Amino acid sequence: MIRINCPYCGERDHSEFSYGGDATINYPSLDSSEKEWTEAIFFRKNIKGFQFETWHHSNGCRMWLVVERSTVTHEIKSVKPCHPNLQKVVENNK
Amino acid sequence: MKTRRLDNYGKINRDKILSFSWDKKNYKGFEGDTLASALLANNIGIVGRSFKYHRPRGIFSSGVEESGALVTIGSKDRRDPNVRATTQELYNGLEASGQNAFPNVNFDLAGINNYLGRFFAAGFYYKTFMGIPPFEWGRGTTIWMFFEKFIRKAAGMGSASELPDPDSYEHAHDFCDLIVVGSGPAGVAAAIEAAEKKLDVILVEQDSLVGGDQLAENNFDNSQIKNQLENLGIKIMTRTTAFGLYDNCVVGLLERVTDHISTPNVNIPRQRFWTIRAKHIIVGAGAIERHIAFNNNDIPGVMTVNASKHYLNRYGVLTGKRIAIATNNDSVYETAQQLSEAGANVTVLDSRTNFEIETNKSFEIRKGYVPYNINGSKKIHSLDVSKSENMNKSETINCDQVLLSGGWSPAVHLLSHRGVRPKWDYSNACFLPSDSKENITMVGSSRGLWNKNDCIASGIAGTTDALNRLGISKTNYFFPKPGGWKNPIQPLYEVKYKKSRSKSFVDYQHDVTTDDVRLAYREGFISVEHLKRYTTLGMANDQGKMGNIIGLSLMAELLNKEIPEVGTTVFRPPYTPVSIGALSGRNVGKHFRPLRVTPMHQWNIDHGAKMIEVGLYQRPWYYPKENETLSDSYIREASTVRKTVGICDVTSLGKIAIQGPDSTEFLNRIYSNGFSKLQVGKARYGIMLRDDGIVMDDGTSWRLAENEYFMTTSTGEAAKVMSWLEELLQTRWTNLNVNVTSVSEQWAGVSVAGPKSREVLNNCVDDYLVITNNNLPFMGVTSTFLKGNIPCRIARISFSGELAFEVYVKSDFANTMMDLLWANAKKYDGCLYGLEALGALRVEKGHVAAAELDGRVTIDDAGLSKMASTKKSYIGSAMRKRGVLKNNDREILVGFFPTNLKETFNAGTIVCEKNNIKGQGIGRITSVTYSPELGHWIGLGFVKGGLDKWKDTNLVGADPVRNKQMNLKVVSPHMIDPKGERMYA
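Chains A and B supply the protein sequences, listed in that same order.
Counting with the working numbering, you get residues 1 to 94 for the letters of the first sequence.
Counting with the working numbering, you get residues 1001 to 1985 for the letters of the second sequence.
The hints are simulated quantities; they were obtained by calculation from the structure and are not laboratory data.
No experiment lies behind these values; they were computed from the predicted model shown.
Beta carbons are placed, not taken as given, at the ideal position from N, Cα and C, and that holds for glycine.
Each hint should be verified, as a subset may be incorrect.
[Claimed, not checked] No more than 30 Å apart at the CA atoms, straight line, and that leaves these computed lysine-lysine pairs for DSS-like:
1) B/Lys1279 - A/Lys77
2) B/Lys1944 - A/Lys35
3) B/Lys1979 - B/Lys1964
4) B/Lys1393 - A/Lys77
5) B/Lys1902 - B/Lys1951
6) A/Lys80 - B/Lys1279
[Claimed, not checked] Here chain B is said to cover these stretches of chain A; the calculated rule only asks that three of the stretch's residues, wherever they fall, bring their Cβ under 8 Å from a Cβ of chain B:
7) 1 to 15
8) 60 to 71
[What the hints assert, rightly or not] Chain A is nowhere near these chain B residues, computed Cβ spacing over 12 Å in every case:
9) Asn1222
10) Cys1249
11) Val1250
12) Asn1453
13) Pro1480
14) Ser1723
15) Lys1826
16) Tyr1874
17) Ala1878
18) Gly1921
19) Lys1944
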C-alpha cells in the first residue's frame, strides 16, 4: 500500500486518495486549437522512475496534491498542494 | 490399535482430553495437539488422496509447508476445505474428514488412476480432450468444455460449503515502529533488542506459541521468553500469519481468532485481517526442510526429519518404530539421536562419504548411501537403498518410516513479495535473501543461518540495522555468515530410478513427478515460469514450499546449467491461504457498500414506497396501492402527474454551493452553454463536457445572488463533478476566486409536478404571490418560506415536461415539508411518484439521463447542439468535434415506437436495418417505458444518422439475449408536447 503524506492531514493510506494524472501538463487555454488540446490530453510519457502526479485527498481534506512518486518502487519523494496559495500556507507553517 | 504417544515426551496438556472425529469415527487427543499430531498418535497413517493419481497420502510435515495432510474441517455451513492438519489446533468436538476420495481415503475407487499413471502425465488432459486421437475427433473448445466438467470433478481437493458463511470476520489496523515476523531465536532477539531501545514493537507468530523451531526441542520452555517479551511491552500476536509485504512497510496479517475453539463466542470474529503500517520490518520466518525425489517417496510414513522431531518433543508422538533417515546434511543427527533414545530403531543414510559427526552411537550411520525406492502402498514395508556413487539398488532395509532431509530452504517468500530476487548459495545449496533497499531486514535461518547462536546474533544485528535506517542510531553491526554446519551439505535432489515407470514426486500435492519435469523439458517448456504452468509444479496449496527447488535442480540438470541460471519463480502473497471471508471482513450483506438514504427515507416507506438502489442511494421506486404491480403503479403515477399533480423525492441529486466573485466566469467555463448573462433569481440547465469533448454530466445552476450559485448534478455523477470542480480550481484555474462546497446532504429536495402543482404550492408557501407565473416564470428561482416559517428554495424546473417546481429545504425540515405538500396534493387527487414514473415521464419528453449519457456521447449525439455555445470557449469546446466525433454517421438520439403498437421492447435492443440483422446494427435502444399518454411502449436510443435518415423507414429491433425481435419506427425524441407549452403554463 502506498502511504501519502498529506500536508494537511498527515501520512495516510492511498485508499483515502484518488489518482489524478500527470501533474506536469500545462493545459492550454480554452480557446486553443484542437491540436494543442490533443497534445495535452492524450499524449503521455511513460516514465520509469520518479514522476510528478496529482492525487486528490478525496476521503480527507479534499486537497489536490502533487506527489513525486517512483513508478518503479512507489517511493514518494515529495508531496505538496497543487494550489500555489496553499503551497505558501504549508511552507509558512513548517 | 496401539497409541504412539510416549509418556515422558511432549508439552501437551495430558489433563485435558479432547475428543474429535476423523471420517466420522471418534478419537481422543490432548490440549496442545494439532489435528496432525492427534491423528499420528491414533496411528492414522492415511489422511488424504493425491490430486491426480489418488495415491494414499500421509502427513509430511509439522507446519505450513504441508502438502499431504489437507483435510476438510467442520460440516454444513462451516465446512472448510483444504485445511492443513499440521497447523489446525485440536479442539473438543472437531470434525475432520479426508478429501478427494470415494468412499474414503483408506479405500478410494479412483485409486485406479495410479495404475493408469502413464496416461496422466503433465498436459495429458489438454492434449487429449481438445481433440481425441486418433482422428482428432471433436477438436475445439466445445468438446474440451464438455470433458472439463468431469475432469475437474475427478482431480481435485475438498469442496467448500455452498451455504452462506455464518461466521463474522473483521478488518483491523495498527501502527508500530518495528514489526518482527517469526518468534524463533532470531525474531525474539530482534524484538527484545528493539524494545530495549524504546521502539514500539509487534511480534507476529503463526503458531499458537512463541518459540519457533525451539518448540521442537525437548527441554524448551517458552513461558520465560513470553514473560520477557510482555514485560518489555512488546505486542505479541500468535496464531497470526504475516501473509504479505506491501509498499511503504505495510504488512498484511491474518489472525485466526477462534479457529482453535470448539464453541466460540458469537460476538468474536472468526478471523481478523490486519493491516499494519510499520517503519521497519524484520523477517525471521525460518527455513523449510526439503524432501528428496526417489521412487515412491510419497508412501504414508514419509516425513521430513524435523517434523518427526516436532512430533516427538512437542506432542510426545513417536512417528515410527524402525526409522530410516535419508539426508545430505548435518541437521538430522540430533533428531536421530533423540528418536533412538525415545525407543526407535534408527538408521541414517547419508549421501556423503567423507564427514565427521559426533553422536552417542545409539544408531547406525551409513555413509555414502541414498534412498532408492520405498516398498509398500498404504504404508511403508521397507526401503531399498543405493550407494550414492552408483545409484542402483544395493539392499533393502526393513522400516516403517522414512524421514527425509534434502537440505533447507530459507523462507524468503515475504522478501520476494517486494520484488527482491533471492540469490543461490552454492555452499549451502539454497536460495538466500538479497538485500532490500526498503526497510526490511532478514534474520535467522531465513537468511541461511543454521545454528541458534548465529540466529540470535543476527536478530540483534537486524535491529541495529533497523535503528540505523530509521536514523535513531549509527552503530556498526555485522551478520554471521550463512551456514553453520560442521560438514558441508552435498546437493541431493533426486535419486533416479532405473526402471521405466517411476513415481518420484517433486510436488506432492499436485502429483508432479520427476518424469513430468523431464516431459516439460522435452516439450520445450524450459523456462521456470513455463515449467511451473505446464506441470503445475508449485501451484498447489503449499505454493512449492518443499518441491520448487527440486524441480529447479532437475531442469538445471536437463539444461546442463546451474540452478541460478535457471532462475526461480517469484513468490507472491499470500504466504499461506487467506480466506475470502477475512478479505471481505464486515463488508458483506447490507454492509457490502455504504447505504445512502434521503432525510425523508422513512417518510417514503411509511407512505408505501417500494425502494430501489441508485448508485449508493435508496430511492422510492413506486408507491403501489393495494395489489398494484410495478407497472400498474408507475402508469397510474405518471398519468396522475400529467393530469393533476405528483410529488417525487429528488434529494439524491448532487448539490454544490458555488461562491465567490469569479463564480459566473467559472460556470461559463465549465458549462457548454452561456452563463454570463444569467440573472439573479434565474436557473439554467447546463451541460458539462470532459476535456476530450464527451458529455460528462448535466444539471442546473441557480443564481441565488450576484456571487452565489446553487448547482445540481445527476445522482450518479455527483461525486465526480465535485472532484472535477475542485481539480479545476486547485490545479488549472488557481487565479479564480471561487469556492465550491458539497451541500448534497444539507438540502432535501422534492419535485412537485403537474398542472395542479402551483395550486398545491400556493397552499404550502407563506406568500403565494412569490410563485405566480409573473414572479416565478419558467426557470425562475426564489428563496422564500413554507408555512410554519420553514426557509426554502424554489425553482421552476421541469424534468417531466409539466408545470413543475423543485422545492428544497434544509434536511431537518424534510418530513415537515413532505407532510405539508402531501396533505395539499391529496386535495387535488395528486400522488406520490417514484423513479419508475419519473423515468416514464422523462422518456416521453426525450430528456437524456445516465442511460443515454454513457461516456461515449457528444452533445450533438444527444441532440443538444443548441446547448453548445458558439460565442465562448469552454471545457471540451476545442475537442468536441475532433476526429471521428464529427463523422456524419454518428449515432444520434431518437425516439422509437414499435411498428405494431401492441408490441413491447427492452432497453439494450439492437437496432438493425431489415435484411441486415447482425453485429452491432445501426443503433441501440437505451431507455424504454410504457407511455400512459400515448397508450403504447416507447423508447429512447441512438441510431446512425438520426431521425432525418430513418424517419420513414421500417427498422428491426433485435434482442437476441431475450430471444425477441420486433419492427421499429424512428420518431422524434420529443414524443409529448414538443413545444413545451405545458412547462411554461
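Here is how each hint holds up against the structure:
Of the supplied pair hints, the one linking lysine 1279 of chain B and lysine 77 of chain A holds, its CA atoms being roughly 16 Å apart against a limit of 30 Å. This hinted pair checks out: lysine 1944 of chain B and lysine 35 of chain A have alpha carbons roughly 27 Å apart, not beyond 30 Å. A threshold of 30 Å between alpha carbons decides the hint, and for lysine 1979 of chain B with lysine 1964 of chain B the separation of about 35 Å lies outside it, so the pair is violated. For the hint linking lysine 1393 of chain B to lysine 77 of chain A, the alpha-carbon distance of about 63 Å lies beyond 30 Å, and the restraint is violated.
A distance of roughly 20 Å separates the Cα atoms of lysine 1902 of chain B and lysine 1951 of chain B; the hinted pair therefore holds under the 30 Å criterion. Proposed proximity of lysine 80 of chain A and lysine 1279 of chain B is supported: the alpha carbons are some 22 Å apart, at most 30 Å. With a threshold of 8 Å between beta carbons, the proposed coverage of the region 1 to 15 of chain A by chain B holds, since 4 of its residues qualify and at least three are required. For the region 60 to 71 of chain A, the proposed coverage by chain B is satisfied: 3 residues have a C-beta within less than 8 Å of a C-beta in that chain, meeting the threshold of three.
Taking the minimum C-beta to C-beta distance to chain A, about 33 Å, the non-interface status of asparagine 1222 of chain B holds against the 12 Å cut. A beta-carbon of chain A is positioned within 12 Å of the beta-carbon of cysteine 1249 of chain B; the least distance is around 8 Å. Look at valine 1250 of chain B: its CB is around 4 Å from the nearest CB on chain A, not clear of 12 Å, so calling it non-interface is violated. With a cut of 12 Å on Cβ distances, asparagine 1453 of chain B stays outside the contact zone with chain A, its closest approach being about 35 Å.
At the 12 Å boundary, the C-beta of proline 1480 of chain B stays outside the reach of chain A, the nearest C-beta of that chain being 29 Å off. For serine 1723 of chain B, the non-interface assignment is contradicted: its Cβ lies about 6 Å from the closest Cβ of chain A, within the 12 Å cut-off. Here lysine 1826 of chain B stays apart from chain A, with its beta-carbon at least about 43 Å from theirs, past the 12 Å limit. With a minimum CB-CB distance of about 6 Å to chain A, tyrosine 1874 of chain B fails to clear the 12 Å threshold, and the non-interface call is violated.
Interface exclusion of alanine 1878 of chain B from chain A breaks down, the closest Cβ pair being 4 Å apart, not more than 12 Å. For glycine 1921 of chain B, the non-interface assignment is confirmed: its Cβ lies about 29 Å from the closest Cβ of chain A, beyond the 12 Å cut-off. The non-interface label for lysine 1944 of chain B is consistent with chain A: the shortest C-beta to C-beta separation is roughly 24 Å, beyond 12 Å.
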